[in-house]
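J.: Sequence:
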Amino acid sequence: MGNELKLDSAVVKSDSLLKEKLWVVIPVVLLLGLAVTLIYNHHAEFSWDGFVQGFDENLLAFFLIGVFAQLVDGALGMGYGATSTSFLLAYGVSPVLSSTAVHVSEMFTTGASALSHHRFGNINKKLVKHLLIPGVLGSITGAYLLSDVIDGDIIKPFIAVYMIILAVVIIRKALRKNVEKKKTKKLGVLAVFGGFMDSVGGGGWGPIVTSTLLGRGRNPKYTIGSVNAAEFAISFASGITFMLFGGIHGWQIIIGLILGGVISAPLAAYLVNKIKRKPMMVAVGVLIIILSLKTLSKLL
Numbered sequence: 011m012g013n014e015l016k017l018d019s020a021v022v023k024s025d026s027l028l029k030e031k032l033w034v035v036i037p038v039v040l041l042l043g044l045a046v047t048l049i050y051n052h053h054a055e056f057s058w059d060g061f062v063q064g065f066d067e068n069l070l071a072f073f074l075i076g077v078f079a080q081l082v083d084g085a086l087g088m089g090y091g092a093t094s095t096s097f098l099l100a101y102g103v104s105p106v107l108s109s110t111a112v113h114v115s116e117m118f119t120t121g122a123s124a125l126s127h128h129r130f131g132n133i134n135k136k137l138v139k140h141l142l143i144p145g146v147l148g149s150i151t152g153a154y155l156l157s158d159v160i161d162g163d164i165i166k167p168f169i170a171v172y173m174i175i176l177a178v179v180i181i182r183k184a185l186r187k188n189v190e191k192k193k194t195k196k197l198g199v200l201a202v203f204g205g206f207m208d209s210v211g212g213g214g215w216g217p218i219v220t221s222t223l224l225g226r227g228r229n230p231k232y233t234i235g236s237v238n239a240a241e242f243a244i245s246f247a248s249g250i251t252f253m254l255f256g257g258i259h260g261w262q263i264i265i266g267l268i269l270g271g272v273i274s275a276p277l278a279a280y281l282v283n284k285i286k287r288k289p290m291m292v293a294v295g296v297l298i299i300i301l302s303l304k305t306l307s308k309l310l
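Per my numbering, the very first residue in the sequence shown carries number 11; after that it's consecutive.
The set of hints was computed from the structure by calculation and includes no laboratory data.
For glycine and all other residues, C-beta sits at the position ideal for the given N, C-alpha and C.
Please note that a few of the clues may not be correct.
Claimed, not checked - What follows is a set of in silico ranges between Cβ atoms, one per label pair, in the way DEER data are often shown:
hint	residue 1	residue 2	range
1	F130	V179	26 to 34 Å
2	K196	K286	28 to 36 Å
3	L310	A100	16 to 24 Å
4	Y50	L310	40 to 48 Å
Between the sequences and the hints, there should be enough to build the whole structure, so can you do that?
T.: Encoded structure:
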């Protein structure tokens, strides 16, 4: 009887270790596969002279944009797309190149972010599982519609207003002495909406999903880590869809963003453990308001 219990315990422990390793192995395999595929399919587009010349003038700028955008996204759970796109446009990159570069680079930076948050113990695996599949379905749908059917700029004002309302709720809750935790219903619907808007509006997974969950009183550390982990799958799905329908351009920008984002991802995940709850929530709320007002001002 004792031997059977020990055997059962060993089997359970082995299964647990295998599942734990899959959280690391799957992202790594997907990222390596993606990198090999991109290099194989697009190696002919590069010439050494053009590659070096482009990097001489622009690599540092794109690298720094990637570092800052990933620090914001990894530490606060949102803002990579909005931050990097805003800086790229200000630098003089066209909207088309900015959109392509951000979506492709996010496939790598969110993977690095997910691995980093896993390393620092910031992930609630149950929450990730609830967000994953609905978020991917919403993301693929949004990317396909944006490629063939609708203009993402049309619905940006609505999502900007929604984010401002959420930001006010978050800041109010952060300033209270006790934040009441409420059960978040319809996580699947929230994930579908967040994934859809992320693809259609050029960003929105973090502001929509993270903001809603924080507004319901969830722990910032695990909320941000879990939403970032799920974002890898969402970004991967939308990036593949965009590549299938729109192609890839702006390689110097993409590589600069990827290098900056991948390098700063562990630091961003580390900061989640060090930043206190209330300042973090206030920072999230202020960031959402600034980015949303900027979006509205451009549209108006």
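J.: For every hint, state whether the structure bears it out.
T.: The hints, checked one at a time:
Distance hint check: the CB atoms of F130 and V179 are about 27 Å apart, consistent with the given range 26 to 34 Å. In this structure the hint that K196 and K286 lie 28 to 36 Å apart at CB holds, the actual value being about 30 Å. Checking the proposed 16 to 24 Å range against L310 and A100 shows it holds: the Cβ atoms sit about 18 Å from each other. The hint said 40 to 48 Å for the Cβ distance between Y50 and L310, and at roughly 45 Å that hint holds.
The earlier numbered hints are all upheld by this structure, with none contradicted.
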